[in-house]
Structure formats: structure tokens, C-alpha cells
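Peer 1: Line by line, the protein sequences are chains Z and X.
For the record, in the first sequence the residue sitting at position 20 is 20 according to this note's numbering, with numbers rising by one throughout.
For the record, in the second sequence the residue sitting at position 41 is 111 according to this note's numbering, with numbers rising by one throughout.
Honestly, I wouldn't trust all of these hints.
What the hints assert, rightly or not - Derived lysine to aspartate or glutamate pairs resembling DMTMM-like cross-links, with alpha carbons at most 20 Å apart: (1) X:168 x X:105; (2) X:169 x X:153; (3) X:96 x X:86; (4) X:193 x X:153; (5) X:73 x X:158; (6) X:118 x X:102; (7) X:96 x Z:44; (8) X:83 x Z:21; (9) X:168 x Z:41; (10) X:83 x Z:41; (11) X:83 x Z:44; (12) X:118 x X:132; (13) X:169 x X:86; (14) X:169 x Z:41; (15) X:168 x X:86; (16) X:96 x Z:41; (17) X:83 x X:132; (18) X:95 x X:85.
Rather than coming from a laboratory, the hints here were simulated on the basis of the structure.
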Amino acid sequence: MKKSLKSLPPGARIVVGIAPDGSINSRILGIKGSACTGFLENLEGLFETIEHGHTDAYAVKAEVATSVGA
Amino acid sequence: MSKYLIQRALPIKMDDELALCIALKKLGIPFERAEAGQTLSLYGWQGKKRAERARVVIRRKDIGASANDLGFNPQTGSVVISEYDNEDRPGRGMHVLKKILPVYATARVVRTARAQGARVTVKPQQDGGYQVIIVGAT
């Protein structure tokens, strides 16, 4: 069941990576297990393909780059 | 005369007219938007009016000397692009479309998240991509 993005709990965040070629992926951080369920589904209708939670995902690379000040 | 194609094989559904207009403005690409319930004619590279129509149009003069008009029909999520322009080379429609895609996608995600009351931060990346961070209202 979809959960509103407004109700993401404190400390949780969704990181959406949009690559220059238009490919997209998303990852939910800061919460685990069943607490994650229902949030990323809000983004699924927007794109033809979206990958969630892959360790090699653009979103994660971008987040790492940002966190080290790249 | 280059035949027009209906392009739907894009990573993003081009179904949000407002997000599209936001992206075009942000990129500084001139465009025409039809009045509510209307569509605009498309013109080929020789200036001939074509049968195809679209809600939002980038005119050929703003794409390249030999380009045809590029049209968007968000109501069907489709892009109307000529065979000639359907190639990612400078001066062709696909080259412009490729620039639009990540900016449009960002606007689309931001609009969706804000509509649900979430807070959003956009971080442009050095390689031309974007990172959108969504947090709850609290």
C-alpha cells in the first residue's frame, strides 16, 4: 500500500538519482525493513523504468560524492 | 520529407505538461504552448505545415537549420519527432530532447513530492545529472 511522502519518519529520506542520460533510480535511507514499504511506490508511476535500492545505483554514487564534498 | 514518429520509448513518461514547461524555461529553450484544450500545428524543415499536432512545441529554428518542429503531447505521454530528428546529433531534435529529459525528470519528481507535502532538496551533479532528496513534513 502506498504511503504519502509527507509521512516519511524523521531521519528517513528518499534519494532519487537522475543521470544525465535520463535514467533514474531511487533509494530509501535512514529506515529499514517493513518501515520502508510503500514510499518508493509513489515514484513508480512517473517513469517507464525505475530501479530501487541497487548498490551500484546512480543515486548512491551521487550521495557518496556529495557527502565527501565532491 | 522526413516522416514524423510517435516516440514513447523514453525512460521518463512525458506526461506532466507543467513540469515540461518548467524544464524548458530552466534550460532557456523557447517553446510554444497551446491554450487549454487546443493543439498546435507542427512544421517541417522546409516550412511546410504537417498533419501532426502537439500541445507543446519547440520550433525547428530553435533546434537546427535542417530540423523539424518537435512536439510534446503530455495527455498521451508521447513525443512527436521526425525520423531525421530522431538521432542524437547536434542540430537535431533528439539532441535537444536528451538535454530536456534529466531536467524534466527532476521537475516531475519535485512536483510529485511537494504535492504530497514532503520537503525536497535538489542537488545538481557535476556530470549533468541531479540528485533529489525527499524528506517528510516533520
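Peer 1: Does each hint hold? Answer for all of them.
Peer 2: Status of each hint after checking the structure:
This hinted pair does not check out: residue 168 of chain X and residue 105 of chain X have alpha carbons roughly 26 Å apart, beyond 20 Å. Restraint check: the Cα-Cα separation between residue 169 of chain X and residue 153 of chain X comes to about 18 Å, which is no more than 20 Å; the hinted pair holds. Proximity of residue 96 of chain X to residue 86 of chain X is assessed by CA-CA distance (about 15 Å); at most 20 Å being required, the pair is judged to hold. With a CA separation close to 35 Å, the supplied pair residue 193 of chain X and residue 153 of chain X exceeds the 20 Å bound.
Restraint check for residue 73 of chain X and residue 158 of chain X: the C-alpha separation of about 17 Å stays at or below 20 Å, so the hint holds. Taking the CA atoms of residue 118 of chain X and residue 102 of chain X, the gap is near 18 Å; set against the 20 Å cutoff, the hint holds. Taking the CA atoms of residue 96 of chain X and residue 44 of chain Z, the gap is near 25 Å; set against the 20 Å cutoff, the hint is violated. At most 20 Å may separate the alpha-carbon atoms for a hinted pair to count; residue 83 of chain X and residue 21 of chain Z meet this at roughly 14 Å.
Proximity of residue 168 of chain X to residue 41 of chain Z is assessed by CA-CA distance (about 26 Å); at most 20 Å being required, the pair is judged violated. Annotation: proposed proximity of residue 83 of chain X to residue 41 of chain Z holds, straight-line Cα distance about 15 Å (limit 20 Å). Using a Cα cut-off of 20 Å, the hinted pair residue 83 of chain X and residue 44 of chain Z holds, with the two alpha carbons roughly 11 Å apart. Restraint check for residue 118 of chain X and residue 132 of chain X: the C-alpha separation of about 16 Å stays at or below 20 Å, so the hint holds.
Simply put, residue 169 of chain X and residue 86 of chain X have alpha-carbon atoms about 17 Å apart, close enough for the 20 Å limit, and the pair holds. Distance check on the hinted pair: residue 169 of chain X and residue 41 of chain Z sit about 26 Å apart at the alpha-carbon level, beyond 20 Å; violated. For the hint linking residue 168 of chain X to residue 86 of chain X, the alpha-carbon distance of about 17 Å falls within 20 Å, and the restraint holds. Taken as a hint, the residue 96 of chain X and residue 41 of chain Z pair is broken in the structure, with Cα atoms around 28 Å apart against an allowance of 20 Å.
Taking the CA atoms of residue 83 of chain X and residue 132 of chain X, the gap is about 23 Å. The hint is violated against a cut of 20 Å. Under the criterion of a C-alpha separation no larger than 20 Å, the hint pairing residue 95 of chain X with residue 85 of chain X is consistent with the structure, at around 17 Å.
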